[in-house]
Amino acid sequence: MHINPYGRDPVLLAVGLVNDPPGSPAALRARCLDAGLVVERAVDEADLAEVRAYLDAWTGIVDAPDPATRAARLNVLLAASAAYPRLTDHVGTGWHIHYRDDDMTLAGVVRSLVSVGTALHLTGRGMHRLDRCAADGCPRVFADVSRTGRQRYCTPACANRDAVRRHRRRG
Numbered sequence: 001m002h003i004n005p006y007g008r009d010p011v012l013l014a015v016g017l018v019n020d021p022p023g024s025p026a027a028l029r030a031r032c033l034d035a036g037l038v039v040e041r042a043v044d045e046a047d048l049a050e051v052r053a054y055l056d057a058w059t060g061i062v063d064a065p066d067p068a069t070r071a072a073r074l075n076v077l078l079a080a081s082a083a084y085p086r087l088t089d090h091v092g093t094g095w096h097i098h099y100r101d102d103d104m105t106l107a108g109v110v111r112s113l114v115s116v117g118t119a120l121h122l123t124g125r126g127m128h129r130l131d132r133c134a135a136d137g138c139p140r141v142f143a144d145v146s147r148t149g150r151q152r153y154c155t156p157a158c159a160n161r162d163a164v165r166r167h168r169r170r171g
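According to full-length UniProt numbering, the sequence shown is numbered sequentially starting from 1.
Hints are computed from structural coordinates only; laboratory data are not their basis.
Do not rely on the hints blindly, as some may be mistaken.
What the hints assert, rightly or not - Cβ pair distances, simulated, as ranges:
1) R166 to L33: 26 to 32 Å
2) A68 to E40: 34 to 40 Å
3) A163 to G60: 26 to 32 Å
4) R140 to T93: 19 to 25 Å
5) A57 to S146: 37 to 43 Å
6) L33 to P65: 34 to 40 Å
7) D102 to R170: 20 to 26 Å
Don't be surprised by glycine CBs; every beta carbon is placed ideally from N, CA and C.
Can you build the whole structure from these sequences, using the hints too?
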C-alpha cells in the first residue's frame, strides 16, 4: 500500500478493521490484501492479537476530547510504530516511501501504516476528521474524507435513519 499525501487508505483500513474486526488470521490477511497491502509473511494469531490491541489504542485517538490529546495519543503510537522513512521498490510496483522497517510482521506493518496515515490524515485534512457516528446507539467510527469536512455519520444509511428519527420526533 502506498500512503497517499493525506493518509486516506491506511486510515480507511483502520476504520474498517475497527468497525468489522476480522475473526481469524486469514480474515485479517484478506482484509489487508483487499486494502492494497503487500503481505510478505505468514499471518498468525499473534498478528491478529497485536492488531486488535493496536486498534484499541487507535480508537483512543478517535475518542480524544480535543486536538492536543488526539496528537499526544497519536505521538505515542507513532513512537512505537514508525521507523525512519526509506525509499523502496520491494515488489516492483515503483519507488515509494516506507515508514517501517523491512521484514516486519503484518501487525507491525499495520501499526506503522495506520499510525503514519493517521498523522497525514489529521494534519492534511484537519484534526477533527476522525470521529464516532452521531446516530444514537451507533458505536462505529469514521474517517471524514469528504470535501467539506462536515461528516457526522459512519454511513449514508445511518444519516438517513437518524434524519427519519428526528423527523418522527417533530411530527
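Evaluation of the provided hints:
The hint said 26 to 32 Å for the Cβ distance between R166 and L33, and at roughly 40 Å that hint is violated. Restraint check, A68 to E40: a C-beta distance of roughly 37 Å satisfies the suggested window 34 to 40 Å. Taken as a hint, the range 26 to 32 Å holds for the pair A163 and G60, whose Cβ atoms sit roughly 30 Å apart. For R140 paired with T93, a C-beta distance near 32 Å fails the hint of 19 to 25 Å.
Evaluation of the 37 to 43 Å hint for A57 and S146 yields a failure: the beta carbon distance comes to about 26 Å. Between L33 and P65 the CB atoms are about 35 Å apart, so this pair conforms to the stated range of 34 to 40 Å. Distance hint check for D102 and R170: the Cβ-Cβ separation is about 58 Å, which falls outside the suggested range of 20 to 26 Å.
Consistency note: the structure conflicts with the earlier hints numbered 1, 4, 5 and 7.
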